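S.K.: Chains E and R are the protein sequences, given in the same order.
According to numbering that gives the first Met the number 0, the first sequence is numbered sequentially starting from 0.
According to numbering that gives the first Met the number 0, the second sequence is numbered sequentially starting from 0.
Misleading hints may appear alongside valid ones.
Under the rule of at most 25 Å between Cα atoms (straight-line distance), these lysine-lysine pairs were calculated in the DSS-like manner [to be verified]:
| id | chain 1 | residue 1 | chain 2 | residue 2 |
| --- | --- | --- | --- | --- |
| 1 | R | 363 | R | 311 |
| 2 | E | 214 | E | 224 |
| 3 | E | 224 | R | 311 |
| 4 | E | 442 | R | 111 |
| 5 | R | 398 | R | 311 |
| 6 | R | 116 | E | 442 |
| 7 | E | 335 | E | 442 |
| 8 | R | 116 | R | 81 |
| 9 | E | 157 | E | 214 |
Just so you have them, the derived chain E footprint on chain R, three or more residues with Cβ under 8 Å [what the hints assert, rightly or not]:
| id | stretch |
| --- | --- |
| 10 | 200–214 |
| 11 | 313–319 |
Partner residues are not named here, just some residues of chain R that face chain E (Cβ under 7 Å, in silico) [to be verified]:
| id | residue |
| --- | --- |
| 12 | 183 |
| 13 | 188 |
| 14 | 191 |
| 15 | 192 |
If you're looking for bench data, these hints aren't it; they were derived computationally from the structure.
As the structure is a prediction and not an experimental result, all values here were calculated from the model.
Don't be surprised by glycine CBs; every beta carbon is placed ideally from N, CA and C.
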Amino acid sequence: MSGIGSEIRKILEHDSYWSVLRAYGYAGLVSGGPWVLSILSIMMIGILAVSLGVAQHEVNAFQICVTYLMAGSLIWTGGMQLMFTRFAADRTYAGAQAEVLPNLFGVLLVTMAGGFAWAAPFIFWFFTDSLLQQLLLLSNFIVLSGMWITLIFLSGMKAYRRIIGNMATGYTIGIAVALLASRWDLNGLLLGVLTGHSFLLFSFLRHIVRDYPGKDLLRFDFLEKGRSFYSLFLIGTLYYLAVWVDKFIFWFVPYTSEAVVGPLRASIIYDLPIFLAYLFILPGMAVFLVSIEADFADQHERFYRAVREGDTLMHIEYRRDRMVYAARQGIYEIFKIQGLTVVLCLLWGRELLQVVGISPLYIHLFYIDVVAVSVQVLLMAILNVLFYLDARREVLFITTFFFATNLGFTFATLHLGAETFGYGFAASVTLSAFLSLFILSHKFNRLEYETFMLQN
Amino acid sequence: MNQGMPEREEQAPMPAAGPAGLADGASALVRARAGKETVADIALLLEGTYPYIRGGVSAWVHQIISGLPEIRFAVVFIGGEKTMYGPAQYAFPPNVTHAETHYLMSPDAPSKVRARKGNRKAFLEMAEFHALLRASGQSGYMPDEKMAGALAQLGIAGGVRREDFLHSESAWSYITSQYRERCTEPSFVNYFWAVRAMHDPLFVLADIASGLPPVGAVHAISTGYAGLLGAMIRLRRSIPFLLTEHGIYTKERKIDLAQATWIHDHSDDVGNTLHDEMGYIRGMWISFYEHIGRIAYGQALQIVSLYEGNRKRQIADGAPAGKTRVITNGIDLQRYSTVLQRRPAEIPAVLGLVGRVVPIKDIKTFIRTVHALVNVRHDAEGWIVGPEDEDPAYAAECKDLVASLGLGGHVKFLGFQNVAEILPQLGLMVLTSISEALPLVVLEAFASGLPCLATDVGSCRELIEGRTEEDRALGVAGSVVFIADPEGAARAALELLNDAGRWHAAQKAGLERVRRYYNDRLMFDSYRDLYTQALDNPALPSSPSAGAGFPSPENSPTMEAS
Chain E
0 MSGIGSEIRK
10 ILEHDSYWSV
20 LRAYGYAGLV
30 SGGPWVLSIL
40 SIMMIGILAV
50 SLGVAQHEVN
60 AFQICVTYLM
70 AGSLIWTGGM
80 QLMFTRFAAD
90 RTYAGAQAEV
100 LPNLFGVLLV
110 TMAGGFAWAA
120 PFIFWFFTDS
130 LLQQLLLLSN
140 FIVLSGMWIT
150 LIFLSGMKAY
160 RRIIGNMATG
170 YTIGIAVALL
180 ASRWDLNGLL
190 LGVLTGHSFL
200 LFSFLRHIVR
210 DYPGKDLLRF
220 DFLEKGRSFY
230 SLFLIGTLYY
240 LAVWVDKFIF
250 WFVPYTSEAV
260 VGPLRASIIY
270 DLPIFLAYLF
280 ILPGMAVFLV
290 SIEADFADQH
300 ERFYRAVREG
310 DTLMHIEYRR
320 DRMVYAARQG
330 IYEIFKIQGL
340 TVVLCLLWGR
350 ELLQVVGISP
360 LYIHLFYIDV
370 VAVSVQVLLM
380 AILNVLFYLD
390 ARREVLFITT
400 FFFATNLGFT
410 FATLHLGAET
420 FGYGFAASVT
430 LSAFLSLFIL
440 SHKFNRLEYE
450 TFMLQN
Chain R
0 MNQGMPEREE
10 QAPMPAAGPA
20 GLADGASALV
30 RARAGKETVA
40 DIALLLEGTY
50 PYIRGGVSAW
60 VHQIISGLPE
70 IRFAVVFIGG
80 EKTMYGPAQY
90 AFPPNVTHAE
100 THYLMSPDAP
110 SKVRARKGNR
120 KAFLEMAEFH
130 ALLRASGQSG
140 YMPDEKMAGA
150 LAQLGIAGGV
160 RREDFLHSES
170 AWSYITSQYR
180 ERCTEPSFVN
190 YFWAVRAMHD
200 PLFVLADIAS
210 GLPPVGAVHA
220 ISTGYAGLLG
230 AMIRLRRSIP
240 FLLTEHGIYT
250 KERKIDLAQA
260 TWIHDHSDDV
270 GNTLHDEMGY
280 IRGMWISFYE
290 HIGRIAYGQA
300 LQIVSLYEGN
310 RKRQIADGAP
320 AGKTRVITNG
330 IDLQRYSTVL
340 QRRPAEIPAV
350 LGLVGRVVPI
360 KDIKTFIRTV
370 HALVNVRHDA
380 EGWIVGPEDE
390 DPAYAAECKD
400 LVASLGLGGH
410 VKFLGFQNVA
420 EILPQLGLMV
430 LTSISEALPL
440 VVLEAFASGL
450 PCLATDVGSC
460 RELIEGRTEE
470 DRALGVAGSV
480 VFIADPEGAA
490 RAALELLNDA
500 GRWHAAQKAG
510 LERVRRYYND
520 RLMFDSYRDL
530 YTQALDNPAL
540 PSSPSAGAGF
550 PSPENSPTME
560 AS
């Protein structure tokens, strides 16, 4: 059973509303924490910087830069994140834990050096403001790439507490440095996030090195054929591409966007509502963590134990049914909580936009974005269940579908007019969720057959 | 696959000229009938023996091939895993015109793991086939077309291919329904792997059956997988199928299975009283071997055993009596007459045990027998002649026993020796085995003028006291004792060693018996006849399981009620 599951269960054992709330609160913090913390800190830096007298356009440029850095580094490392997580899990299961750390350094070298190799020419060619800015952007990108890898690895170790703790510290440092350096405008703010993310990268690394034994410094076993899962690489890359492709389209279509800094463009009309909407996946993420990573993971483990340790077929089927029930419950719970969130957003959306200072013109886009990101939590949960079942081919199919539909539908909405903006992404993620639900159901129905008959 | 025969020096019989007319005639017949389009007249189907493993059966196979030079043989070896076998231990005589080596556990092409439906209809037919097998019970009778149908389905596109068996939904639903219906074993994963391990080799057999180049007839030298392969070939090609059993394969498998530690019964966990209920999976393996044994018996044209006891056992196991016959082993008398000449006038007070130092030979009883004998005849000795490397722990125990009984000067472990050198120095050949078939050492002893003292196992009583009335009239060629009875054995040995008259009478009886009944010429003649008749068998009866084989002098073609 995963560590987080037992921690949450411990809290739940007190059996009171307060404990339930605490459990979900904790889970929410843990699961949505990194995402929310980073969005909030960027917003915070922006707001505080403005109040310190930094020009609004400089702050906008800063936020756009950070968004691009995040998107770029996530897409760049998404494949490696998944592939290496699987590699580390396999090696640990095989009792070769000592191989993990040197390979982690291998992955870091590949992603960071590789990132440098293509990002440096790109940045030096397209950004012409100052060498300092170029260097800051480049180092931000490389540090972020490394940080995502260490972050996913620590999540794999279920070291959520440490992640949250470090993130809180790291972003506090980041905000502080950004504000202290705010007199250098964009560059100062960029220096702030660079400091924060560097702190995170090195403190995450420190945790990993402390907990993982290892003799060699550097190994590249994860690239070896037979030990690596290139399909996972593809899945990770495609997933992040799918999540970002509609944004990129809106950024680069001239009539929905404007140039902000260097080659970077932004789409005010599209960006604000969607990033705001992403804050509302927190309840779903909390439920996701409790129901999938704890309940379902537990049932999943019991099912495979029943298979391995020679239970009767009837008992194996019973465990399968329990596992399916846990998955169904989890998906249903996410559906409920996000449904409620959507309803609340519909009720108070206008007031919310007003408080944040976004024009009420964006309200419809915000509504549809809240629906879309809620469904995206559902999709994530289902994909995660499919990962537990090692259905890599299926997940690859779904992420490809997600990417292709988001690309196609978003272009379609551009032709259909402003009132349909956001519907492309929403339709794509909804269809992908339905598709994955259908595939999951099919997979569950054939689970014993596939488990026994399709093993190597 | 050990047939309970002593590991021994390979016999290299002279090519038998035989009664010239018969041999040439048979050979001409064989050529005329099958020579043009076949690669061999007889394909020998060998499971885990010749030419890779030395032993009684392999020596016999080599003897038969060398003794029938006018017949062209194909050697089809079926092994378990490739790693279990080294290089060939025998050089093929020139009349081996084709040889194939196959391994049941490591098929040439691993199947591709891919979801597939599988041919539901073919699996239904398999279900029906299994139901018929169960219903057939002891008689083993099943309509030929059903059997042929089911076995022909294996490994072909429209039937059940190996990958269908391993990976298809149809296979899954059949396996699970069978588990629900019958399995009392709690662990599904154990059941599942047992079913796989049991049936996977059948697809290799099916491939062998379809890939074997044309031959005149097939001859399996055991039941089990070799016998099943013979039945498959017979059903697919309508060519005659002969079966010879040295030991009784099914019985040996049962002994193996009873001791197998790789099967995890739940009874293992509960307790181990001797008659604990046998686990379902163990039972399933046993009935698997019983069934494939019966399929082979059913399809064989003739079922040969080495001696009467085994023939009865085969009948009890489901072989139609009318098809069974005994062809005893024979040895080259010429070779041993020189050994006889080297025998001293005195009877040496030496008991000899020629065989591997393994528990089945019960070497410890032999040592205790020597111990009991030495108390009375202080000059007595016991020689143990045979390799000790098969079960080093047991060999060490035996040596400890010798030491603890203070027999250091009386019991010698000579290791592997040329038997012809040893025989003249012995006063009595002793076999204390708890299981034997037809031990060649007894024949060798007789042929070199050495009486035998043996436990009442296998054909030992037949060999020592005679099989038929006429045979018995020749006299007793030694003494038969109980198993694990050193006192009795020592007494019997003493009676022979101390009574020269009796000893010489036994010598005479042994010499005459082996000359008359266990001459290799007789064996070659019998097999020559068997092969010739099989190859000459014009229209193969469509259902040999219902009828008898061709008539033979010993057996009237009575039909076994089925």
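S.K.: Which of the listed hints are broken here?
M.R.: As far as the earlier hints go, 1, 3, 5, 8, 10, 11, 12, 15 are violated by this structure, in ascending order.
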